[in-house]
Every structure is written in C-alpha cells, then in structure tokens.
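Hey, can you work out the whole structure from these sequences and the hints?
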Amino acid sequence: MEIRTLFFATYRDIAGAEELLVTLPAGASVRDLVHELRARGTAWQAFPTDPAAAVNLNYAPLSTPLAAGDEVAFIPPVSGG
Amino acid sequence: MSDRCVVTINPIDPCSALDGCISDQDGAAILFLGTVRNHNDGREVGHLDYQAYAPMAEATLYEIVAEAHQRWDTGGISVIHRYGRLEIGDISVAIAVASPHRAEAFEASRYIIEELKKRAPIWKREGYLSGESEWLQGSTPVPPSEG
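Chains P and B, in that order, are what the protein sequence lines are.
Counting along the first sequence from 1, when you hit position 20 you're at 20 in my numbering, and nothing is skipped either side.
Counting the second sequence from 1 gives a position; my numbering is that position plus 1000.
Be aware that a few hints might be false.
Once the Cα atoms are required to be at most 25 Å apart in a straight line, the calculated DMTMM-like pairs of lysine to aspartate or glutamate come out as [claimed, not checked]:
#1 1117(B) x 1024(B)
#2 1117(B) x 1013(B)
#3 1117(B) x 1073(B)
#4 1118(B) x 13(P)
#5 1117(B) x 1107(B)
#6 1118(B) x 19(P)
#7 1117(B) x 1090(B)
#8 1117(B) x 1132(B)
#9 1117(B) x 1063(B)
#10 1117(B) x 1087(B)
#11 1118(B) x 18(P)
#12 1118(B) x 1063(B)
#13 1117(B) x 13(P)
#14 1117(B) x 71(P)
#15 1117(B) x 1041(B)
#16 1117(B) x 1049(B)
#17 1117(B) x 1067(B)
#18 1118(B) x 1041(B)
#19 1118(B) x 1058(B)
#20 1118(B) x 1134(B)
#21 1118(B) x 1067(B)
#22 1118(B) x 2(P)
#23 1117(B) x 18(P)
#24 1118(B) x 1024(B)
#25 1117(B) x 32(P)
#26 1118(B) x 1003(B)
#27 1118(B) x 71(P)
Just so you know, these hints were derived from the structure itself, not from any lab.
Dropping the structure here:
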C-alpha cells in the first residue's frame, strides 16, 4: 500500500521534501513507516525513532495501523504563535 | 454567536478578526495580536518563516476554541494564524473573543494563545540579521498514549 507522508520544519529539512509516497506492506503501522524512512541512509539518522505523528489530521500513537490512502504527518515540536 | 479559525498565507487584517464575534448579549470584546519582534534570546531577528500543517492546524484551533467555550461563558471567538514569510512588525496571529462580561474574554483569550503554542502544528524559523536561520525549539505535542 502507498502512504502519503508529510514533513514539516526540521523533519522537512531531513527528508529534503514536503511529502513522500512510501510503499509499505499491508498491515504496517506508523512505527513501521518510521523504520522504513530511517533505513534510507545516513541523513535519515537525524530523524527520531519516536516522532509525534498524525494520521488523517489527528495525533496518533506509533502503534496505529495504516490503510491505503491514509495521510501521515510527522510533527516536530511546535512553535506557533 | 459564531466561531472562525483560519490558517492563511495572507496578511491578517486585525479588525476583521472581530467580524461576527459580537452579539447583542455581549458587553466586552478583546483582540489579541501576536507580532514579529526584532530580537529573540539576544539575537537580532530580521524576519520569520512560518510553516503550518494548515488543515490540522485549523482543526486543532477549533478544538481549543471548543474547550474555551466549555470553560468560560463567551460569545463568538475567532482565531487567525498566518504562515509564510513575515517581516518585523507583521501580525502572526489574531485572537478575538467576545463575552457578556470582560473577565471571561480575557481568560479565554489567554487560554487560546497558550494552548495554540503548545499544540497547533505550526512552526517558525528565525532569520537573523547575521544571515543564519534556525527553527525554534518548540513544544512537543502530547500524542494519545500507546493503545
């Protein structure tokens, strides 16, 4: 399945992209998505093993199972205002 | 009474934040503005770049506004947050709260800006006069516990 994955701020700098389409096996979780990204090379070692994440606009734990068409956003510490 | 939460790249007209907030039972309305200052932590700031996960940020702002309504007797509330490049003196956020009595408007406004800074998926990078730039150390949002 393909998961649209969004990056912001420092995570966008690491990813070098605003969004990536990541292919994962059926049944994969947000944690599996993190593992897949961190395996992509040395630049990705700066990406945390336990980032805050949102699935379809809601904060969600890393154990959340994903389904085709889900949108995952990784949320670095926020600094609005 | 109506509420409105907007995350936008367009400049904020501060008076427009009050539009629709005040109804006949309200006796007070306050307008909070966050503006871009020219210094932070001893460094000279030339501009800010904001990023936002706009659809989630708007949903988060509506959640915070709903919490404010639960805690205080207020009238209409609007929250407008900008993203993109902002110059010194630009308005980054406007919060308008109407209420029957003034105390509730002040307290609800304070609650909304504090929660926004903790939870809304919005980020700012300071561009310094030295030419360097840095994402600010922010607040880690608290996700739901592992289920």
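Going down the list of hints, with the structure as the test:
1. With a CA separation close to 31 Å, the supplied pair residue 1117(B) and residue 1024(B) exceeds the 25 Å bound.
2. As the CA atoms of residue 1117(B) and residue 1013(B) are separated by approximately 21 Å, the hinted pair is consistent with the 25 Å bound.
3. A hinted pair counts as satisfied when its Cα atoms are at most 25 Å apart, and residue 1117(B) with residue 1073(B) qualifies at roughly 23 Å.
4. Our distance criterion of 25 Å between C-alpha atoms is met by residue 1118(B) and residue 13(P), whose separation comes to about 22 Å.
5. Between the alpha carbons of residue 1117(B) and residue 1107(B) the distance comes to roughly 16 Å, so the proposed pair stays at or under 25 Å and holds.
6. Pair hint residue 1118(B) plus residue 19(P) holds up; C-alpha atoms about 24 Å apart against a cutoff of 25 Å.
7. Between the alpha carbons of residue 1117(B) and residue 1090(B) the distance comes to roughly 18 Å, so the proposed pair stays at or under 25 Å and holds.
8. As the CA atoms of residue 1117(B) and residue 1132(B) are separated by approximately 24 Å, the hinted pair is consistent with the 25 Å bound.
9. Note on residue 1117(B) and residue 1063(B): the hinted pairing holds, with a Cα-Cα distance of about 14 Å set against a maximum of 25 Å.
10. For a cut-off of 25 Å, the pair hint linking residue 1117(B) to residue 1087(B) stands: about 20 Å separates their Cα positions.
11. At roughly 23 Å between alpha-carbon atoms, residue 1118(B) and residue 18(P) fall within 25 Å of each other, so this suggested pair holds.
12. About 13 Å separates the Cα atoms of residue 1118(B) and residue 1063(B), which keeps this hinted pair within 25 Å; it holds.
13. Between the alpha carbons of residue 1117(B) and residue 13(P) the distance comes to roughly 22 Å, so the proposed pair stays at or under 25 Å and holds.
14. Between the alpha carbons of residue 1117(B) and residue 71(P) the distance comes to roughly 24 Å, so the proposed pair stays at or under 25 Å and holds.
15. For the suggested pair residue 1117(B) and residue 1041(B), the alpha carbons sit about 18 Å apart, so the restraint of at most 25 Å is met.
16. Only pairs whose Cα atoms come within 25 Å are accepted, and residue 1117(B) paired with residue 1049(B) is accepted, the gap being roughly 16 Å.
17. With a C-alpha separation of about 15 Å, the suggested pairing of residue 1117(B) with residue 1067(B) holds against the 25 Å cut-off.
18. Restraint check: the Cα-Cα separation between residue 1118(B) and residue 1041(B) comes to about 19 Å, which is no more than 25 Å; the hinted pair holds.
19. With a C-alpha separation of about 14 Å, the suggested pair residue 1118(B) and residue 1058(B) falls inside the 25 Å cut-off, and the hint holds.
20. Of the pairs offered as hints, the one joining residue 1118(B) and residue 1134(B) holds, with about 19 Å between alpha carbons and a cut-off of 25 Å not exceeded.
21. Simply put, residue 1118(B) and residue 1067(B) have alpha-carbon atoms about 14 Å apart, close enough for the 25 Å limit, and the pair holds.
22. The hinted pair formed by residue 1118(B) and residue 2(P) fails the criterion: a straight-line CA distance of about 31 Å is larger than 25 Å.
23. This hinted pair checks out: residue 1117(B) and residue 18(P) have alpha carbons roughly 22 Å apart, not beyond 25 Å.
24. A C-alpha spacing of about 33 Å is found between residue 1118(B) and residue 1024(B), which places the hinted pair above 25 Å, so the restraint is violated.
25. Between the alpha carbons of residue 1117(B) and residue 32(P) the distance comes to roughly 29 Å, so the proposed pair goes past 25 Å and is violated.
26. With a CA separation close to 21 Å, the supplied pair residue 1118(B) and residue 1003(B) stays within the 25 Å bound.
27. Our distance criterion of 25 Å between C-alpha atoms is met by residue 1118(B) and residue 71(P), whose separation comes to about 22 Å.
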